[in-house]
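Read top to bottom, the protein sequences are chains Z and H. For the first sequence, my numbering assigns the number 1 to the initial residue and increments by one for each residue that follows. For the second sequence, my numbering assigns the number 1 to the initial residue and increments by one for each residue that follows.
I should point out that these hints are in silico values taken from the structure, not numbers from a laboratory. Even glycine gets a Cβ: it sits at the ideal position worked out from N, Cα and C. Where hints are given, some of them may not hold.
Claimed, not checked - To spell it out: a stretch of chain Z is covered by chain H in this simulated footprint if at least three of its residues, at any positions, have a beta carbon under 8 angstroms from a beta carbon of chain H; those stretches are:
id	segment
1	11 to 22
2	40 to 47
3	55 to 62
Given next are the chains, with one letter for each unit.
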Amino acid sequence: MTIDTIRSVLKAHSRIRVPIEEIGNDANLFDAGMSSLASVDVILALEEEFGIEFAEDMMHRKTFESINAIAAAIDSLQIKASA
Amino acid sequence: MTQQLPSQTPEEQYLRELIAHGLLIPMGVDGVYGRSAVFEDVLDRFGALVGQWGAENGAEVIRFPPVMNRHHFEHSGYMKNFPQLAGTIHSFCGGEKEHQALRRKMENGEDWTADQKAIDIVVTPAACYSLYPTVAQRGPLSREGALFDVYSWCLRHEPSLDPARMQLFRMREYVRLGTPEQVSEFRAAWIERGQRIIESLQVPARLDVANDPFFGRQGKLLANNQRDQNLKFELLIPITSEEKPTACLSFNYAQDYFGQLWNIPTADGAPCHSACVAFGMERIALAFFKHHGFDPKRWPAGVRKVLWG
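Sequences are here, hints too, so could you generate the full structure?
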């Protein structure tokens with residue numbers, strides 16, 4: 001479910017030109033054409049969609065470089081919240 | 001009985017000295033000052049020196065007023081990244097009835113500003129911001145790319161008692177647009193030149209990687225990205241602090257951000273890349289006054305020769 005939601009956020013906000021369906025979960029989103037500025041829009045949309053807030057120390061390209069990386073970051077926040 | 005003086009930061013102390021020597025004239029708002037003839041002369045001479053160093057490359061000179069088209073400003077994305085620094089301009093747009101209400105509010109000391117409407121211009125946040133839409137109108141760049149010399153008053157809304165952090169100041173820029181290679185070569189050349197210029201004026205400086213003050217938590221990502229990719233360097237000069245020297249020149253590589261945003265293609269059709277070197281004119285003048293004294297007539301002969309010939 002998380003992956004599907006991430007994909008729909010990327011589709012709406014990443015400004016990646018190739019269809020999101022064609023991008024693998026481990027593919028680098030920045031290499032695929034997501035700019036740093038577009039990634040800020042993605043972050044805002046993810047926070048709203050998942051009801052989370054990424055910590056300041058997570059604000060690196062690495063955290064958002066692939067669908068799996070984003071999913072792991074969201075998981076870590078949700079685990080923290082439920083702990 | 002000894003009088004207890006209020007504690008002062010080194011920044012406040014320097015500001016007081018500048019005012020006492022008549023170089024800056026307070027206007028009742030932190031970070032906004034008048035300048036004396038002596039101050040302006042230093043700034044003008046430094047501007048002329050920069051012009052000499054930049055002349056060999058044949059930059060096209062454009063002087064925009066210190067305001068820009070609000071629609072261009074909105075399109076630039078400035079409000080996404082630096083909303084806290086922007087200076088928007090508002091005016092009274094009502095009729096007689098609204099004017100009555102406005103007068104009443106002002107007479108009663110109430111807030112009258114809420115009814116003001118944004119007009120079609122905003123205060124320029126950086127000298128090059130009006131340039132990109134102007135270049136975009138001209139169509140694709142030539143094979144040589146393009147080089148511009150711009151100079152403008154700029155506004156950053158960050159009231160401070162640090163004279164090196166003014167709200168209104170002047171920024172001189174050379175802006176290069178072209179292929180990634182052309183733009184990188186330009187920036188590397190100016191990093192070298194910028195250091196030589198400051199060195200010739202006998203002021204200590206060091207180069208460091210830097211980032212812009214992007215707003216908010218998400219802005220942290222942009223700031224980290226700028227640093228990780230070495231997109232911004234600053235030439236730092238100690239003015240009121242050795243530990244926290246002041247950025248007086250910056251060397252910025254915007255990659256293809258403005259090329260894409262404004263649709264400025266190179267001769268090959270790809271979005272152009274751009275870079276700029278920016279001189280914070282007041283900060284540089286303040287550095288000279290700090291290191292050489294408040295009276296330019298008594299500055300070292302070598303410095304005077306470089307500036308006044």
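Problem - Violations among the numbered hints, reported as their numbers in ascending order - result: 1
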